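K.L.:
From first to last, the protein sequence lines stand for chains A and B.
Start counting the first sequence at 1; every next residue gets the next number (the numbering used here).
Start counting the second sequence at 1; every next residue gets the next number (the numbering used here).
Nothing false has been slipped in among the hints.
Remember, identical chains collapse to one label, so a pair may be satisfied in a single copy or spanning two.
In the DMTMM-like style, the derived pairs of lysine to aspartate or glutamate whose C-alpha atoms are separated by at most 20 Å in a straight line are: (1) 210 - 186; (2) 204 - 124; (3) 210 - 236; (4) 47 - 31; (5) 234 - 246; (6) 250 - 239; (7) 24 - 43; (8) 250 - 182; (9) 210 - 185; (10) 115 - 207.
Bear in mind the hints are in silico, worked out from the structure with no lab data behind them.
In this text the structure is predicted, and so the values were computed from the model without any measurement.
There are 2 protein chains.
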Amino acid sequence: MLEIKKILLVGSGNVATHLGINLKKNNYIIEQVFSRNLDNAKDLAQKVDSDYTNKPKNIVKSDLTIIAINDDSIKDVIHYLPNIPTVHTSGNTNINILKNNFTNYGVIYPLQSFKKKMGLNLNDVPFLIEANSKDFENNLIELCSCFSEHTFHINSLKREKIHMAAVFACNFSNHMQVIAQEIMDDEKINYQLLIPLLKKTFSKFEEDPKIKQTGPAIRKDINVIENHLNLIQKDEHREIYKLISDSIIKTYDNTD
Amino acid sequence: MLEIKKILLVGSGNVATHLGINLKKNNYIIEQVFSRNLDNAKDLAQKVDSDYTNKPKNIVKSDLTIIAINDDSIKDVIHYLPNIPTVHTSGNTNINILKNNFTNYGVIYPLQSFKKKMGLNLNDVPFLIEANSKDFENNLIELCSCFSEHTFHINSLKREKIHMAAVFACNFSNHMQVIAQEIMDDEKINYQLLIPLLKKTFSKFEEDPKIKQTGPAIRKDINVIENHLNLIQKDEHREIYKLISDSIIKTYDNTD
Chain A
1 MLEIKKILLV GSGNVATHLG INLKKNNYII EQVFSRNLDN AKDLAQKVDS DYTNKPKNIV
61 KSDLTIIAIN DDSIKDVIHY LPNIPTVHTS GNTNINILKN NFTNYGVIYP LQSFKKKMGL
121 NLNDVPFLIE ANSKDFENNL IELCSCFSEH TFHINSLKRE KIHMAAVFAC NFSNHMQVIA
181 QEIMDDEKIN YQLLIPLLKK TFSKFEEDPK IKQTGPAIRK DINVIENHLN LIQKDEHREI
241 YKLISDSIIK TYDNTD
Chain B
1 MLEIKKILLV GSGNVATHLG INLKKNNYII EQVFSRNLDN AKDLAQKVDS DYTNKPKNIV
61 KSDLTIIAIN DDSIKDVIHY LPNIPTVHTS GNTNINILKN NFTNYGVIYP LQSFKKKMGL
121 NLNDVPFLIE ANSKDFENNL IELCSCFSEH TFHINSLKRE KIHMAAVFAC NFSNHMQVIA
181 QEIMDDEKIN YQLLIPLLKK TFSKFEEDPK IKQTGPAIRK DINVIENHLN LIQKDEHREI
241 YKLISDSIIK TYDNTD
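Input sequences plus hints: build the corresponding full structure.
P.N.:
Take a look at the structure:
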């Protein structure tokens, strides 16, 4: 196994910040932060007590490079980077993007949406790990285990599908609440009225969501569905209402 | 104001059960449970220490009738009921369904989805109240205030729209998790892997969902969206993915 002690951190956003701080806390040395945005690089460098640069020619060779930048920029940045063991942190980018530039390469993907002001504890965050060799994979598992209790070996295709499932489970269900809020706002009713119901609905994620389903669609209550379709003011919302209600009806038709 | 002490409970399902038990606990007398299903009527009658029947001719005259049955059956049952003050508990049924049969009529709608085995405390449940006179409305507010801290006067149209908003916020977002689970199951990955992310996403309902949105659509990350559309195996899920992503993109286009 490789000896990993010093790290080159590429990026200065939320993921880079969370990883950098947690690595430093666990006695890894962040040698340098490399970021296009020099102010952000400086900010993060101060937090992790490291050098920083926005100039490719000044990049240092470390034990491991962690690329924590947006998906689209990964293909551009790799041309600047030295051939040292290198990982990216993207849910949706194949490991092979790193294939031609590095001898040891891999992915450490934290299954969490990072916001600037969230707590820094990564203990509960699952890390999905992949590498081009068993040895390097073990390195990455050791690295991630220092701040997370949940590390999993997951290949690129599975990781992309998990990321897609997370988009449904989190982003799309949040948008359902955005639409609900819009409907309430149109009626000048406080959205907060729905909070007790939301809290009840989303109190037990451990339970099978299929068993928890309620509402007019699962009851095949066509009168209520028709009435709602008439009440909806935005065509876009009506289309969503129709499509999801149909999908709910189908889901329980197949299993009954 | 009317004197309400004795209650005729029509229905023996979850709502009838929750209301009956809470009313009895607050010193109202459940005089009779009337339900098509005699076994259920008997079960509930034992819990609230009342008479029960499934025969229209045996229905007693009480101070108040509470109709807590499914929406479609309300129009049928009202023909059997005596002209005493009467309310239904439906989110989606206009108050006027009661107009021709009763002198005093109204609605008490608990904004909660009731499951058989949930706790019986209705303290946090908002009750949306409507009546055909101010006096009777005050009666109903007094009644509901005995078990809920949150009573609101809301007319039928607004109530129907709130119910519709709740379908989006709760039923539809739950279905997004059903789809996520299906995607994970297809990959033979444990759905529980998403739980930390779900908990983070749905920890603070008090926050504006519009501000909490994350994911590829709000970032207009067309590459990720395209990749997900390619990865999705079910046409139905692909259509939902497309429609909701478009809706997210539009939502933030208008406000930026």
